[in-house]
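Residue strings, one per chain:
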Amino acid sequence: MKLSRGEKLFDWINIFVLAILTLFFLIPFLSVVSTSLVSGREYALRGLFILYPYRPVLSSYDMLLGQGSIVVNAYIVTVARVVVGTGLGLAFTFPLAYVLSKRRLYGRVPITMFIFFTMLFHGGLIPNFVLVEKIRLLDSFWSMIWPVLINPWWLLIMRNFMLAIPEELEEAAIMDGASPLVVLLRVYLPLSMPVIATIGLWYAVFHWNQWFDAAIYINDPKKLPLQLILRGILEYGTGQYSDYSGLAEMTELTDPPPAESLKAAMIVITTLPILMIYPFIQRYFVRGIMLGSIKG
Amino acid sequence: MTTQSRPTRRQFLQGVGMAATGAVLAACAPPVAAPAGDGGAMETPEIWFGTTNPCPGGGNPERTDAVRQLILEETGVLVNTNILPPGAAATEKLNLLLASGTQPLDLFVGNWPDFKGITLPMDDLLDVHGADILAGHSDLDWRMMKDFEGTTWGYPRLGLMGHTHFPYFRTDWLDEAGLEIPDTWDGMEHAYEAMKEMHDEAVIVAMGRRHLMYNTLGAFTDHGFSRWIDPADNMLKPPELQPGYQDWLAKMNEWWDNGWLQRESFANPDYRAMLKTLTIGVWLGWYSRMTIWWDQIRRDAGYEKEDYDFALKITGPAGVAKTNNAGSNSAYMIPRKSNHPEAVIKYANWIYEDGPDDVTNYLIASWGVPGEDWEWVDKEGKVARLHSAGSTVCEEKYSRDFQITLGLGPETWATAVKLQQDDGTIEWNRHWQHINTYWNQYDGGRMPVDFDVPYDRTAIRDAFPGEPDFERFVEEESIKFITGARPIVEWGNFVDEMNNAGLEQWSELYTQQYRLYHP
Amino acid sequence: MQQPLGEQIRVRLEADAPVFAEKKGFREAWRQIKRDRFLYALAALPLLYFVVFRYLPMVGLIIAFQNYDPFLGIGAMFSLENFVGFKHFTNFFDSIFFWNVVRNTVLISFYKLLFGFPLPIILALLINEVRITVFQRTVQTISYLPHFFSMVVAAGIVRAMLTPQGGLLNQAIVAFGGEAQAFLTDPNLFRSILVTMDIWQQAGWNSIIFLAAMATINPEMYEAAAMDGANRFQRMWYVTLPSISFAIVIILIFRIGGMLDAGFEQILLLYSPSVYSVSDIIDTYVYRAGLIGRQYSFGAAVGLFKSVLALILMYMANKVAQYLGQEGLW
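In order, the protein sequence lines correspond to chains A, B and C.
Using our numbering, count along the first sequence one by one with no gaps and you end on 296.
Using our numbering, count along the second sequence one by one with no gaps and you end on 519.
Using our numbering, count along the third sequence one by one with no gaps and you end on 330.
One thing to keep in mind: the hints can contain errors.
[As the list claims (entries may be wrong)] Covered stretches of chain C (in silico footprint by chain A; criterion: 3 or more residues with CB under 8 angstroms from a CB of chain A, positions within the stretch not fixed):
#1 38-49
#2 176-188
[What the hints assert, rightly or not] In silico DSS-like cross-links for lysine-lysine, where the CA-CA straight-line distance does not exceed 30 angstroms:
#3 A:K134 <-> B:K116
#4 B:K146 <-> B:K237
#5 B:K237 <-> B:K116
#6 B:K346 <-> B:K379
#7 B:K116 <-> C:K319
#8 A:K222 <-> B:K337
#9 B:K418 <-> B:K313
#10 A:K223 <-> B:K337
#11 B:K305 <-> B:K480
#12 B:K337 <-> B:K146
#13 C:K306 <-> C:K319
#14 B:K146 <-> B:K346
#15 C:K87 <-> A:K102
#16 A:K134 <-> B:K382
#17 B:K418 <-> B:K379
#18 B:K313 <-> B:K251
#19 B:K305 <-> B:K346
#20 B:K116 <-> B:K379
#21 A:K222 <-> A:K134
#22 B:K346 <-> B:K196
#23 C:K87 <-> B:K237
#24 A:K102 <-> C:K319
#25 B:K379 <-> B:K196
#26 B:K251 <-> B:K418
Source of the hints: derived by calculation from the structure; they are not laboratory data.
Using N, Cα and C, we set each Cβ at its ideal position, and we do this for glycine too.
Whole structure, please, built from the sequences with the hints as guidance.
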């Protein structure tokens, strides 16, 4: 297709605007990366906003990642949590979203309201703790999975995406003799891939970042996720937790990297791996995915 | 969670009162594995602490076990920890642990009035097993641990502190101006003016209004940063209603208008970043920002002449400017559900046992086994050497899992310790030196009128739910007066508004508790 | 010109109308349930999750009407002795700052919605129009980086930009002959700073769902529009936007439901007494009330108050959406 002059101009302006916007998003991140790489000396001598390190050092990363097997272990726990939490989350969210997208379903509105209600009303920490304790999930990996299995907001968003899929497709498939399960897996699943990918990303990021439930439910150090371990190191490393800061606190760190650099390194460590997921998800954002699957 | 019916809070308290003496003896221990080779004659009590730890997963298990064995040999107590998560989650987890009661917990930290009803009175335990703990704290520290009936609810963590507030001055700028560190209010203003003349960027930084009041309010009022008894009606009033407070506001407003006070002094800026800009001429805040943060920046950057030093005592028109920090009710407490309260006190007493002159046991609990994890280089001179550097990873060291005497007491005594570095030099850390020298130097400041009253602020808030509103209101308006957003002529209106916000109720509730201790 | 979609939906709604089974009696209902047994079987397990992990803990809501202390255990939730009725609610309503915090909450949320809601859609539209795939994907990935900054760090960056003691913005102002300002203490600017920061942090992340919606558009619609001589703007306006309206509406309803969460952590990290009057929100108020002691009951009461208001807001938003012929919550 040949582009008109107006189209080309539009493209260039669009690219220009996006490039400027991108800088706004990128520069603070670069500054964080740079800050994570400066030494105590350099930090003390530089201004507030460090765009590039003069002499990069890895001491902050050493301190956070050099903790040996506990960090490695925590990484494994976190990855397991992301994989299992996202997998199970989608496995439970997708079918329910599908069911609720069926306009003909008897009782659809009450069931939707039943779920909607849980978006707004929560029992609070104490009953949740008691529940987890009662069903013997305390100190178990599954205490980080089951209580947060389905996010009702995301469920309803997924449902609305599925509502936008024309029902004729189902009718056509049934006409061809497809069973309900085949309709679900062969028609709705491929057509829903963009939203499944998006919600999957949300689940993954949620599980990746979540630490409070682990702090409450888990005692065994071997089962603690990365975010919790790093938070602990950071909290002490930056020395801002105590109103007294006596002897004990000072012996922890005889020559620590600067607090800012630690904080920055923590962001890089906890952000980069989850960023890696995104390119995989982008595959599902290609225009025309719907068309392709209908024809196929 | 057990399903048995639970007594109300009041029943709890009554029960505790009656069982005060009986509880200790009645605490029966379930059988625990006897230590090997002991003939099994005596049960070894096993206790669990709820503490935070710099290593979120604890230290090296073998090192931790070595320390546990040493403690077992020395005290006959088997110690364990429930490590609490970092930050605010610690409080939540502690509450849930205490509430569920399904996991063992024998010692925790908090403000004791918040936990009355679920903790054990400690008097008898201390009398029997805690002689050294008792001797390790001043009467004043102990008064902060007692309710008005005289029952002790914990052993002290933080109490009256003399070392926390001093005005710091840029010494190289003072030298440049040929001035000494001032000791009067006028001297302080003059010193700053001289700095500002030579260095236009020089600012006075206050670390919020609270710390500013600790450092300066006494120069203008009779009681400094303290609640006070108004002779007019014999009631306790907030510091803001003292005669002279308006003068202080006017002075602060003058500083503000002159551009002396850093513009974000009341907006929680990043003080660490501000310190490194080298623009602070006078620092009116919390000490450790200087003794830890500034010291680190100075050493990292290799500054030779740029430095800060503080005035021990500043005297203003109304007297000494500083007010001593009355600390808090922060205490180590034993839950009622504890199976071995006597073992907890026995172990804590062992840490106190050496007294201020020899802190070996404290250092064992902090650093580990002497000769293995650390050693005395010169015990008399209090010089020690750590076998693992401070930055050693958690996995390879003992991480003070069994340290249950932080704060005042043994920890403060231990700040006398100097460390021998790898290159053989001996260093007394600036921060430790500061604490060790000044923690009990109270004459540089005023004593708050009610410094010995352990207020039950939860009870006050129960009776006067508007208390947080009242405090916010006073804070917000005071700062408006300082920054000139509200002219000082409106003072009368401000007092009226305070009355509307519940001043009378505030006054009554605080006076009521104050009178319990000062009849 | 919005005709195609509006028409489509109207047709669809009319087609749906007779499907509602309630009026047809028990037997008809049972017939339908039996017909769709596969669907009910699919839904059973996920619904069980909601019963166990979402509804069972809701007994905890009861503490909003009690003087509850966690040390008393869960059993105390069912004891009549602790009941105080609406005391915590009236305490909140009686606060001298009640109207102030409600007004701030609603205003800050409203500004965040007004400026923060359309921007991700526009960003998604622009990204969607990029023809160079590599550039498109790079922009997309970078745009959501700030979402991963923890609030502490994001607030730290904002502070470092704005501080009069060497902040980037003030350096620029001074370089142009101006005077350094303490922006974060200025009540006239504070809300704008909050909103700008929110957009910067969330716009990229929030655009993802709209990009996902755009991926479902049938390319034939663009081709048809191009045949009719529609230019790029017209195609965005008449094809892309109407085709993703189902996503826009549901997200907008959710945002309206979240109106009473104005950004607790962000405000707590940035506010100070000079700007309390324009920035103190319901959540920061509850936080201060709970600083001393264990005010679980008070927190629960305010939480419940917020939930009820959110329910009302979302109900109304949903009604409006349905009135406009859009797919709403139910």
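Verification of the supplied hints:
1. 38-49: Per the Cβ count (9), the hint holds.
2. 176-188: Result for this restraint: violated, n = 0.
3. A:K134 <-> B:K116: holds (27 angstroms)
4. B:K146 <-> B:K237: holds (23 angstroms)
5. B:K237 <-> B:K116: The given pair, whose Cα atoms are some 27 angstroms apart, holds under the 30 angstroms limit.
6. B:K346 <-> B:K379: Roughly 25 angstroms separates the two Cα atoms, so the pair holds.
7. B:K116 <-> C:K319: violated (51 angstroms)
8. A:K222 <-> B:K337: Distance of about 28 angstroms is within 30 angstroms: holds.
9. B:K418 <-> B:K313: With a Cα-Cα distance of about 27 angstroms, the restraint between K418 of chain B and K313 of chain B holds, given a limit of 30 angstroms.
10. A:K223 <-> B:K337: Given pair K223 of chain A, K337 of chain B holds - Cα atoms ~27 angstroms apart, limit 30 angstroms.
11. B:K305 <-> B:K480: violated (38 angstroms)
12. B:K337 <-> B:K146: holds (21 angstroms)
13. C:K306 <-> C:K319: Status holds; Cα separation ~20 angstroms.
14. B:K146 <-> B:K346: Given pair K146 of chain B, K346 of chain B holds - Cα atoms ~20 angstroms apart, limit 30 angstroms.
15. C:K87 <-> A:K102: violated (44 angstroms)
16. A:K134 <-> B:K382: violated (52 angstroms)
17. B:K418 <-> B:K379: Status holds; Cα separation ~10 angstroms.
18. B:K313 <-> B:K251: holds (19 angstroms)
19. B:K305 <-> B:K346: Distance of about 50 angstroms is beyond 30 angstroms: violated.
20. B:K116 <-> B:K379: violated (41 angstroms)
21. A:K222 <-> A:K134: Within the cut-off at roughly 22 angstroms; holds.
22. B:K346 <-> B:K196: violated (57 angstroms)
23. C:K87 <-> B:K237: holds (27 angstroms)
24. A:K102 <-> C:K319: Within the cut-off at roughly 20 angstroms; holds.
25. B:K379 <-> B:K196: Given that 30 angstroms is the threshold and the Cα spacing comes to 47 angstroms, the pair is violated.
26. B:K251 <-> B:K418: Not satisfied, since the Cα-Cα distance of roughly 42 angstroms exceeds 30 angstroms.
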